[in-house]
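Working from the sequences, and respecting the hints, build out all of it.
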Amino acid sequence: MAYILQQLLQRSAARYPEKLAVWARGTSITYSELESRSNQLAHLLQQHGVRKGDRVGIFFPKCVESVIVMLGIVKAGGVYVPLDPQAPPDRIGYIIGNCGIRVLITRSEKRRLLDEATLTSLAFSIVIDETKEHSNGSRVLPWSMLQQYPGTHAPQVTLTETDLAYILYTSGSTGRPKGVMISHQNALTFIEWCAAEFQVTSEDRLSNHAPLHFDLSVFDVYNTLEAGASLYMVTEDLALFPTRLASFMETQGITIWYSVPSALTLLLLHANLQAEKLQRLRIILFAGEVFAMKYLQQLATLLPHVELYNLYGPTETNVCTYYKVDRALLPGMEKLPIGIACENFEVFAVNDQNEIVTETGGTGELYVRGPGVTNGYWADTEKTRKMVVPNVFQKNFEEKMYRTGDLVQLAADGNYFFMGRRDSMIKSRGYRIELGEIESALLSHPAVKEAVAIAVPDDTVGSRIKAVVASHSGENLVSAELQKYCGTKIPMYMIPETIEFRIELPKTSTGKVDRVLLTQESTPQPALQ
Amino acid sequence: MSTNTAQPVVKDQIREFILENLALPKGIESFTDEESLMETGVIDSLGIFRLVAFLEENMGVRVSDDEINPDNLKNLNTIEALVLQKRKK
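Chain order of the listed sequences is V and L. Residue numbering for the first sequence follows this note's numbering, beginning at 368 and increasing consecutively. Residue numbering for the second sequence follows this note's numbering, beginning at 1188 and increasing consecutively.
Treat the hints loosely; a few may be bogus.
Stated by the list, open to error - For lysine to aspartate or glutamate, the following EDC-like pairs were computed, each having C-alpha atoms within a straight-line distance of at most 16 Å: (1) V:K851 - L:E1216; (2) L:K1261 - V:D604; (3) V:K851 - L:E1207.
What the hints assert, rightly or not - The following label-pair restraints were derived from C-beta to C-beta distances: (4) V:F868 - L:N1264: 32 to 38 Å; (5) V:R647 - L:N1264: 36 to 42 Å; (6) L:D1220 - V:R378: 37 to 43 Å; (7) V:R869 - L:D1220: 36 to 42 Å; (8) V:Q646 - L:D1252: 19 to 25 Å; (9) V:A695 - L:E1221: 38 to 44 Å; (10) V:Q566 - L:K1273: 44 to 50 Å.
Because the hints were derived from the structure by calculation, they are not lab data. Here a beta-carbon is modelled for each residue, glycine too, at the ideal position from N, C-alpha and C.
Here it is, written out as structure tokens:
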């Protein structure tokens, strides 16, 4: 059994040295190349001062180098932090500061976007599209420098499974993103379950649709390496165009596909998917948001030979429950369960009386325990204490459990159903979004007096975001200006699609903004039958 | 040679639609005729279909799923070319 992620690569590289490991943008590398390039990078990082536990940022669009870099960083004992290549520089700068990234691996056009203060805070950057070495003492190292380091072995570093492997930043309710710390053990608990459940083999070809700062990509990358399979990365030029994406699935002979449901919906609606062209496809996994039943039905009918799985889990647990779609039951189903716990995870619902829900139909907040659960948030002990709490149901020793904030209902067959959130976090296109973070961005504009962000349910993307804003008297605000301002604070997928202006926002009897009323007013009512 | 006044109108209408519906809501204020709308993030996976719906409803052309590709929808110039070429047929 592997106890640190790089062992997955090491073993497959020894077994399948000449096999294609990663393909992206028409370029590919073999297992032996991936092993030796990541060894070289690990040596370079170590010789330039990276030590065990140091955070190293990854800030460039997906390509084969992405996987080299992830593995190179953990081989140096470092912790990688994948940064959204499309996020505004302000947010990237915040994350770099928040988790103390001193080394950044990037592309020249991405590096140029960062402000002076952020650049000064870095010890050095490695620029993957640079080939020329700068003068001595330069803090920009070209990718070509890797050649100077040995590829035959990784540098010596002592790691245990409880050391951190990576940190994923997700939307935070206080207006700033928060870093979920994932250890090697957290990741491997999930990866090993996937390997057994989906029987991934060296013959498999996995797609990687999700961005690398999104936890869906953990399965794609590491279950490929675990099995000695091949990874085919979906880059923006493919992801945006359903017919291109479908032909990519066909020509690359993808056998296991994993994405958010909205990507599958677009394929269904616009790509003319044909079962006979996707004969090699054997499993479709989806996660990140609720799959509209009508589209899932269509998919199940269209691809009768493909096994479909609904995976559920917040970034803090990666995935903790799963449901294998039963085609016989599908026509009568109104809602898809999130299922039962994955192996080596335990989940239970806790009701308002602080008791574990055991009766059919009972609802409560879902809690998760086991080695797959995060230790908490980087440099945020307060948030960690709130979410990663002592397991009061464990009487024999001290341990932690994670409270998901998701309300679930227990069905007669033991499956759980997702019922909603306890707070104002929503999902849009699989992205986890705290409405509070959007509201903070809006409220930071000097002309804004009050602001509420609302999720309007949508079959295709989960939710669309709308904002209702009241400005200070005399201030004449327009949507476009406010949206542009938000673009400097939050990622594009979080910017409200529509903004409604009011003189004042409605209040509840206690004087708080009436969020419920505003949400009702913004939600389309279902047509009467 | 006759001057064709229809062409600038087509391009202006498309520009206006993209600006108001796809760019400004993402905080992007302007883009050039040649700039890749995908690389700048103006067009995302859903924006593409809003754009296609606009072309079909307001420009009087029918765009097939196969034609929804990066060659046709790369930038304002290529989108205009697609509309004009489809109108000729």
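Right, here's what the structure says about each hint:
Only pairs whose Cα atoms come within 16 Å are accepted, and V:K851 paired with L:E1216 is accepted, the gap being roughly 7 Å. At roughly 10 Å between alpha-carbon atoms, L:K1261 and V:D604 fall within 16 Å of each other, so this suggested pair holds. With a C-alpha separation of about 12 Å, the suggested pair V:K851 and L:E1207 falls inside the 16 Å cut-off, and the hint holds. Between V:F868 and L:N1264 the beta carbons are some 35 Å apart, a value that agrees with the proposed interval 32 to 38 Å.
Separated by about 38 Å at the C-beta atoms, V:R647 and L:N1264 satisfy the suggested range of 36 to 42 Å. A beta carbon spacing of about 52 Å between L:D1220 and V:R378 contradicts the range 37 to 43 Å that was offered as a hint. Between V:R869 and L:D1220, the C-beta spacing of about 37 Å keeps the proposed range 36 to 42 Å intact. Distance hint check for V:Q646 and L:D1252: the Cβ-Cβ separation is about 21 Å, which falls inside the suggested range of 19 to 25 Å.
At about 54 Å, the CB distance of V:A695 to L:E1221 disagrees with the hint of 38 to 44 Å. The beta-carbon spacing between V:Q566 and L:K1273, approximately 48 Å, falls within the hinted interval of 44 to 50 Å.
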